[in-house]
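Asks: Turn these sequences into a full structure, and let the hints steer you where they fit.
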Amino acid sequence: MDIKGLVEVKGLWKKFGGNEVLRGVDLRIMDGEIFVVIGRSGVGKSVLLKNLIGLMRPDRGEIYYKGREISRASQREWKKIRKEFAVVFQHSALFDSMNVEDNVEFGLKRMTRFSENEMRRRARECLSMVGLEGIENMKVSQLSGGMKKRVAIARAIALSPKVIFYDEPTTGLDPIMSSIITELIKRMNREVPSTSLIITHDLKFTFQAASTVAMLHHGRIIEVGKPEEMMRSENPIVKRFIEGTPE
Amino acid sequence: MISGFVEELGAIFVLVWKAIAAFFKGEGEWEGIVKQMVSIGVESVPVVTLTTAFSGMVLALNSYIGFSRLGAIQYTGSVVGISLVKELIPVLTGIVIAGRVGAAMAAEIGTMKVSEQIDALYTLNADPISYLVLPRIIAAVFMVPVLTLYGDGIGLIGAYFVSVVLMGVNPSSFTTFLFMYMEPWDIITGLIKALSFGAIIAAIGCYKGISAKEGAEGVGKATTSSVVNSSITILIIDFIWGKILPWTLRG
Chain S
1 MDIKGLVEVK
11 GLWKKFGGNE
21 VLRGVDLRIM
31 DGEIFVVIGR
41 SGVGKSVLLK
51 NLIGLMRPDR
61 GEIYYKGREI
71 SRASQREWKK
81 IRKEFAVVFQ
91 HSALFDSMNV
101 EDNVEFGLKR
111 MTRFSENEMR
121 RRARECLSMV
131 GLEGIENMKV
141 SQLSGGMKKR
151 VAIARAIALS
161 PKVIFYDEPT
171 TGLDPIMSSI
181 ITELIKRMNR
191 EVPSTSLIIT
201 HDLKFTFQAA
211 STVAMLHHGR
221 IIEVGKPEEM
231 MRSENPIVKR
241 FIEGTPE
Chain V
1 MISGFVEELG
11 AIFVLVWKAI
21 AAFFKGEGEW
31 EGIVKQMVSI
41 GVESVPVVTL
51 TTAFSGMVLA
61 LNSYIGFSRL
71 GAIQYTGSVV
81 GISLVKELIP
91 VLTGIVIAGR
101 VGAAMAAEIG
111 TMKVSEQIDA
121 LYTLNADPIS
131 YLVLPRIIAA
141 VFMVPVLTLY
151 GDGIGLIGAY
161 FVSVVLMGVN
171 PSSFTTFLFM
181 YMEPWDIITG
191 LIKALSFGAI
201 IAAIGCYKGI
211 SAKEGAEGVG
221 KATTSSVVNS
231 SITILIIDFI
241 WGKILPWTLR
251 G
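Respectively, the protein sequence lines represent chains S and V. Each residue of the first sequence is one higher than the one before, starting from 1 at the first, in the working numbering. Each residue of the second sequence is one higher than the one before, starting from 1 at the first, in the working numbering.
Hints listed in this document are in silico derivations from the structure and should not be mistaken for laboratory results. One or more of the hints may lead you astray.
[Unchecked claim] Here are the simulated lysine-lysine pairs, BS3-like style, with alpha carbons at most 30 Å apart:
1) V:K213 - S:K139
2) V:K35 - S:K79
3) S:K83 - V:K25
4) S:K15 - V:K35
5) V:K35 - S:K83
6) V:K243 - S:K80
7) S:K15 - S:K50
8) S:K50 - V:K213
9) V:K25 - S:K109
10) S:K50 - S:K79
11) S:K15 - S:K239
12) V:K213 - S:K79
13) V:K213 - S:K15
14) S:K139 - V:K35
15) S:K239 - S:K186
16) V:K18 - S:K79
17) V:K18 - S:K50
18) S:K139 - S:K226
19) S:K50 - V:K243
20) S:K109 - V:K35
21) V:K221 - S:K139
22) S:K186 - S:K66
23) S:K50 - S:K66
24) S:K226 - S:K50
25) V:K221 - S:K15
26) V:K18 - V:K35
27) S:K80 - V:K18
28) S:K139 - S:K4
29) V:K18 - S:K109
30) V:K18 - S:K83
31) S:K79 - V:K221
32) V:K221 - S:K50
[Stated by the list, open to error] Residues from chain V that face chain S, not an exhaustive set, calculated with beta carbons under 7 Å:
33) S83
34) V114
35) S115
36) E116
37) Q117
38) A126
Where is the CB? At the ideal position from N, CA and C, for every residue including glycine.
Replies: Given below as structure tokens:
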């Protein structure tokens with residue numbers, strides 16, 4: 001089989017009851033790129049993401065990572081794969097029973113043999129990379145939305161993942177914080193270094209950050225291209241989405 | 001409705017089974033167990049003290065009134081003691097813990113579920129069963145009997161206070177009849193019940209949290225149904241223990 005991408009999805013189907021959410025999704029994400037999946041709310045973006053990170057199993061189709069089919073991997077195999085995957089959730093999903101440093105160290109404790117000192121040093125290094133210093137002992141409840149997002153990114157990069165998945169990274173942030181997060185994601189992509197797969201409906205973010213854009217519509221990818229190609233797309237659904245014209 | 005109940009019961013058993021399997025595979029995350037023991041045990045001491053003290057006092061008061069009509073107030077201690085340690089203290093402790101701790105478990109885990117923290121646990125290679133459920137079940141199974149034993153003592157002190165200090169029962173006849181008729185098995189029976197109540201409270205609390213639906217309403221419903229279901233189950237299991245533990249019938 002011809003698998004060229006770092007992450008590749010072939011004919012992915014997922015339904016809930018009679019509702020077919022994904023209807024044959026195909027994607028090819030190349031090593032090192034920032035791949036953005038856009039689409040309206042409810043078209044299956046989050047379901048696609050959950051399938052990619054192993055929180056759901058597809059009904060049909062395959063997901064390849066480094067050429068290996070992973071959608072039907074066992075829990076034990078997923079534990080190995082997850083050392084190379086990191087996820088930044090839409091609402092950050094920081095553990096609010098812990099302080100900032102413990103959140104960033106959480107994955108290190110489970111997936112590395114770092115000593116306490118090494119973990120603390122790595123956590124502080126990651127927090128510094130996202131521009132947050134001196135907040136290690138703060139509770140999650142004391143952080144603003146933008147700070148939570150940056151801590152979530154610090155937690156994601158702590159293990160130097162190969163692929164970082166972002167779910168709606170700029171949702172709920174003010175325009176300035178959105179720009180900061182956009183630049184941060186681009187910088188993390190270069191500095192970690194990693195491949196990024198981002199689910200969003202934020203077009204400003206998409207055109208500033210993406211190297212490749214795919215549009216998901218009614219459970220299928222209807223167009224893939226460079227941001228400038230998507231801007232010039234003749235596909236009426238893509239055009240309507242980009243122009244924000246109601247159907 | 002019945003199929004829903006059976007389905008839910010099955011899901012709770014599956015959750016407990018997975019927790020037991022995780023325990024025997026050595027996958028338990030022990031970091032949180034001390035925190036859970038403090039939360040379930042130490043922080044419940046004030047409410048258990050109040051509940052069991054007043055239960056002992058009320059039971060002693062009513063028993064005194066009844067026995068005084070029969071002219072046998074010296075038996076107050078024996079009847080009150082057996083009733084407290086076998087039935088009243090384990091059940092009341094269980095229900096109080098269900099309200100305080102079971103509700104907190106459902107609310108905390110439910111909030112983690114709806115804010116994607118449970119998903120985050122998976123992605124960081126922490127199994128929610130090993131990390132959240134197992135420490136809570138172990139802590140509850142251990143701490144509810146400890147609280148019950150403590151409650152037995154407080155309840156008996158309350159009963160002694162009302163009978164002897166307020167109602168004038170002879171102190172030596174109170175204690176003599178108390179220890180003459182109350183057997184160690186009575187206390188052990190109460191502790192076995194408390195152990196099962198601890199498992200029930202934690203299993204239902206965790207299950208309700210993990211299965212919470214989206215939003216604040218979902219977490220609220222999970223919390224309420226955790227308390228209601230735990231309390232009803234405690235009363236039903238108390239009766240079943242009364243039938244299947246032969247020594248509970250002996251006294």
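Asks: Determine for every hint whether it applies to the structure shown.
Replies: Hints and how they fare:
1. V:K213 - S:K139: Distance of about 26 Å is within 30 Å: holds.
2. V:K35 - S:K79: holds (27 Å)
3. S:K83 - V:K25: Holds, at about 22 Å.
4. S:K15 - V:K35: violated (40 Å)
5. V:K35 - S:K83: Roughly 28 Å between the alpha carbons, so the hint for K35 (chain V) and K83 (chain S) holds.
6. V:K243 - S:K80: violated (50 Å)
7. S:K15 - S:K50: holds (13 Å)
8. S:K50 - V:K213: This hinted pair holds, its Cα atoms lying about 18 Å apart.
9. V:K25 - S:K109: holds (19 Å)
10. S:K50 - S:K79: holds (15 Å)
11. S:K15 - S:K239: Answer holds: K15 (chain S) to K239 (chain S) is near 27 Å, not above 30 Å.
12. V:K213 - S:K79: Satisfied, since the Cα-Cα distance of roughly 27 Å is no more than 30 Å.
13. V:K213 - S:K15: holds (19 Å)
14. S:K139 - V:K35: holds (17 Å)
15. S:K239 - S:K186: holds (26 Å)
16. V:K18 - S:K79: holds (18 Å)
17. V:K18 - S:K50: Measuring from Cα to Cα gives roughly 23 Å; hence the hint holds.
18. S:K139 - S:K226: Answer violated: K139 (chain S) to K226 (chain S) is near 40 Å, above 30 Å.
19. S:K50 - V:K243: violated (48 Å)
20. S:K109 - V:K35: holds (18 Å)
21. V:K221 - S:K139: The hint holds at about 27 Å.
22. S:K186 - S:K66: Since the Cα atoms of K186 (chain S) and K66 (chain S) sit roughly 22 Å apart, the hinted pair holds (cutoff 30 Å).
23. S:K50 - S:K66: OK: K50 (chain S) and K66 (chain S) at ~19 Å, within 30 Å.
24. S:K226 - S:K50: OK: K226 (chain S) and K50 (chain S) at ~24 Å, within 30 Å.
25. V:K221 - S:K15: holds (27 Å)
26. V:K18 - V:K35: Holds: K18 (chain V) and K35 (chain V) sit about 22 Å apart, inside 30 Å.
27. S:K80 - V:K18: Given that 30 Å is the threshold and the Cα spacing comes to 21 Å, the pair holds.
28. S:K139 - S:K4: Roughly 43 Å separates the two Cα atoms, so the pair is violated.
29. V:K18 - S:K109: holds (23 Å)
30. V:K18 - S:K83: Holds, at about 24 Å.
31. S:K79 - V:K221: Violated: K79 (chain S) and K221 (chain V) sit about 33 Å apart, past 30 Å.
32. V:K221 - S:K50: holds (26 Å)
33. S83: violated (40 Å)
34. V114: For V114 (chain V), the interface hint is violated, since the closest Cβ of chain S sits about 9 Å away, which is over 7 Å.
35. S115: holds (6 Å)
36. E116: Hint on E116 (chain V): holds, closest Cβ of chain S at ~4 Å, below 7 Å.
37. Q117: holds (5 Å)
38. A126: holds (6 Å)
Violated hints, in rising order: 4, 6, 18, 19, 28, 31, 33, 34; the structure is consistent with all others.
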